[in-house]
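Protein chains in written order, with our numbering: chain R, 48 to 109; chain B, 477 to 965.
Calculated directly from the structure, the hints in this document are not laboratory data.
Don't take each hint at face value.
Sample of chain B residues facing chain R (criterion: CB under 10 angstroms; computed from the structure) [unchecked claim]:
1. L524
2. L543
3. M554
4. S575
5. S578
6. R597
7. H598
8. L661
9. N664
All C-beta atoms in this analysis are idealised placements derived from N, C-alpha and C, irrespective of residue type, glycine included.
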Amino acid sequence: MSKNQFSEQELREKLAKLEKLSKKILESNGYTKEANKILLLQELIKEQLRNESTHYTTSKAR
Amino acid sequence: MKVLIIQLARLGDNYQVWPVVKSFKRNNPDVELHYLCRSSFRGAITGLDEVDRLWELSSADHVDHVLNCSDEKLTDKMERQIQDLKTEKYDQVVNLTFSPLSSYLTEAISNEDTKVLGYTRHEDGYLDIPDDASALFFGQLGVGKFNRIHITRLFSAVMGVDLLEEDWQVPGSILAKGALRFPNLPENYLAIHIGGSTNNKLLSAKQWSAILDSVHKHNKDLSFVLLGSQKERDLASAITIQNPERLLNLAGDTEVDDLFHIIKHSRLLIAPDSSLVHISSLLNKQCINLSFASVNFWETGPLAQNSYVLWNKSPLHFDTDSAMSAINSILSNEPVQVRHAKVKENSSLEAYELIGYDDRDFEWNLIKAIYLGHEFPILDDLDVYQAFKQLAELTDMAIRDLEMVRSGQFQNMNLEIISNVEKLVETLEKLVPQVRPIIWWFNTEKIRVGPWSDQKVFDRNFDIYTQLRTLLAIYVGTSFTHSQIVEQK
Numbered sequence: 048m049s050k051n052q053f054s055e056q057e058l059r060e061k062l063a064k065l066e067k068l069s070k071k072i073l074e075s076n077g078y079t080k081e082a083n084k085i086l087l088l089q090e091l092i093k094e095q096l097r098n099e100s101t102h103y104t105t106s107k108a109r
Numbered sequence: 477m478k479v480l481i482i483q484l485a486r487l488g489d490n491y492q493v494w495p496v497v498k499s500f501k502r503n504n505p506d507v508e509l510h511y512l513c514r515s516s517f518r519g520a521i522t523g524l525d526e527v528d529r530l531w532e533l534s535s536a537d538h539v540d541h542v543l544n545c546s547d548e549k550l551t552d553k554m555e556r557q558i559q560d561l562k563t564e565k566y567d568q569v570v571n572l573t574f575s576p577l578s579s580y581l582t583e584a585i586s587n588e589d590t591k592v593l594g595y596t597r598h599e600d601g602y603l604d605i606p607d608d609a610s611a612l613f614f615g616q617l618g619v620g621k622f623n624r625i626h627i628t629r630l631f632s633a634v635m636g637v638d639l640l641e642e643d644w645q646v647p648g649s650i651l652a653k654g655a656l657r658f659p660n661l662p663e664n665y666l667a668i669h670i671g672g673s674t675n676n677k678l679l680s681a682k683q684w685s686a687i688l689d690s691v692h693k694h695n696k697d698l699s700f701v702l703l704g705s706q707k708e709r710d711l712a713s714a715i716t717i718q719n720p721e722r723l724l725n726l727a728g729d730t731e732v733d734d735l736f737h738i739i740k741h742s743r744l745l746i747a748p749d750s751s752l753v754h755i756s757s758l759l760n761k762q763c764i765n766l767s768f769a770s771v772n773f774w775e776t777g778p779l780a781q782n783s784y785v786l787w788n789k790s791p792l793h794f795d796t797d798s799a800m801s802a803i804n805s806i807l808s809n810e811p812v813q814v815r816h817a818k819v820k821e822n823s824s825l826e827a828y829e830l831i832g833y834d835d836r837d838f839e840w841n842l843i844k845a846i847y848l849g850h851e852f853p854i855l856d857d858l859d860v861y862q863a864f865k866q867l868a869e870l871t872d873m874a875i876r877d878l879e880m881v882r883s884g885q886f887q888n889m890n891l892e893i894i895s896n897v898e899k900l901v902e903t904l905e906k907l908v909p910q911v912r913p914i915i916w917w918f919n920t921e922k923i924r925v926g927p928w929s930d931q932k933v934f935d936r937n938f939d940i941y942t943q944l945r946t947l948l949a950i951y952v953g954t955s956f957t958h959s960q961i962v963e964q965k
């Protein structure tokens with residue numbers, strides 16, 4: 048799917064909202080099922096913004 | 477037993493999974509095999525008879541839902557998809573996608589008893605890389621890195637299966653579809669893919685015209701069938717050769733399945749880094765891959781016998797003369813005089829042999845030594861030796877600190893020193909490319925540390941530093957501290 052199907056502005060706004068929401072959940076309840084779903088959706092939106100760079104991944108070390 | 481394979485990457489990645497799926501089913505005929513892919517690429521799985529059930533993830537529908545629903549219903553649609561999959565109670569989930577999205581999804585649909593391979597998430601949300609093959613992927617694969625293991629082989633390593641020649645097969649039903657739709661192809665033709673998923677893989681009409689005209693001059697009886705999507709119609713129309721009757725433009729006229737028939741009956745395929753290269757591998761049809769630096773051809777190049785890779789930095793830097801010379805030599809079965817990579821005759825870890833290149837393969841040999849137990853490459857560069865020495869000194873500092881924590885001289889792990897050591901390691905990584913495989917291995921292993929007890933986290937970190945020091949000892953010898961550690965062990 049091309050990112051052009053949705054406006055970039057719309058996607059960025061939604062991404063910011065999701066990021067705020069996931070941060071709130073993680074801070075208050077930790078990594079819950081709800082946090083998992085929000086983070087999943089967050090990644091779905093991010094993919095649209097970077098044209099599905101499927102090999103991208105990051106994680107922090109402990 | 478019920479197994480789900482997740483492949484949420486592109487069309488070509490789905491084709492590259494085919495041999496692995498066939499091998500897995502060959503080895504596990506009684507397994508009920510499910511497969512999850514993006515809706516847009518479901519066509520790539522229709523020919524895989526080994527798949528008992530195909531699931532789809534529609535990115536468009538999910539994004540549409542997220543953008544248009546109320547905040548309360550944000551996760552509803554995804555929740556339904558997760559529940560549908562979770563209800564299947566898979567014994568095993570194999571995520572072959574290597575993306576953050578797929579890791580969250582894998583975790584969400586796995587039950588407590590599910591065996592997971594490929595990226596998933598720990599209970600605290602951190603990335604979980606449960607198997608070594610996926611760790612190799614995380615640490616060493618991608619553009620600008622040094623891995624030379626083909627991705628199909630790596631997929632098979634994640635799934636724990638061996639690949640046989642018979643695993644590269646295309647069902648007759650797919651070939652028949654194309655034969656019905658395109659019964660009147662030229663007698664003797666080259667299949668030419670002018671398209672690609674991104675612009676940095678596309679040659680211009682002028683470049684294609686020059687190549688095809690040159691080939692035409694040397695091979696008057698050859699025709700050219702141009703393949704591409706609707707959006708490449710204009711590009712295809714602008715390609716000209718001296719005898720236009722030899723040019724059949726099918727850009728925008730084919731469905732994915734048609735390509736199997738068209739490529740199978742061609743003399744060979746010429747294609748950029750695209751899914752058609754992988755179709756040629758499945759058909760064992762000779763391919764000339766015009767590859768660019770936007771991909772690592774070692775990982776995604778053609779695997780059919782006698783296939784070639786002609787590498788250029790980008791379409792802008794494309795050496796048309798060399799490509800013309802190589803293609804004409806290949807068509808007349810003469811040795812190729814310009815630099816190229818060729819598929820090796822015998823299956824081996826590296827699919828290609830490099831011809832005409834000054835092959836600086838120290839980093840690749842280092843990867844083989846670290847991950848596969850091969851011999852460490854000979855080091856003949858003083859700067860690299862110095863970098864390894866500095867890395868060893870930093871590792872010794874970290875180990876000394878960790879030992880003091882272990883012996884009770886520090887109350888807590890001295891995070892400041894460890895963190896400073898890691899910053900310096902990062903600097904070395906940037907300055908000296910040759911040491912990167914070791915540092916990437918180290919970073920990956922640290923990421924693999926789970927949300928365990930403090931003691932277990934400590935012990936694993938200690939082990940990782942010790943393993944790093946053992947690797948470095950090959951080049952710079954052991955330190956006093958390190959000898960002590962070995963003795964203690």
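Status of the hints after comparison with the structure:
With a cut of 10 angstroms, the hint placing B/L524 at the interface with chain R is violated, because the nearest CB-to-CB distance is about 20 angstroms. Satisfaction of the interface hint for B/L543 is found here, the shortest Cβ-Cβ separation to chain R being roughly 6 angstroms, below the 10 angstroms cut-off. Among the interface hints, the one on B/M554 holds; its C-beta lies about 5 angstroms from the nearest C-beta in chain R, closer than the 10 angstroms criterion. For B/S575, the suggested interface contact is upheld, since its CB lies about 5 angstroms from the closest CB of chain R, less than 10 angstroms.
Hint status for B/S578: holds, given a least beta-carbon distance of 8 angstroms to chain R, under 10 angstroms. Of the supplied interface hints, the one on B/R597 holds, with its beta-carbon coming within about 7 angstroms of a beta-carbon of chain R, less than 10 angstroms. Of the supplied interface hints, the one on B/H598 holds, with its beta-carbon coming within about 8 angstroms of a beta-carbon of chain R, less than 10 angstroms. Proximity of B/L661 to chain R is violated relative to the hint, the smallest CB-CB distance being about 31 angstroms (cut-off 10 angstroms).
A distance limit of 10 angstroms between C-beta atoms decides the matter here; for B/N664 the minimum to chain R is near 37 angstroms, and the interface restraint is violated.
Of the numbered hints given earlier, the model fails hints 1, 8 and 9; all others are met.
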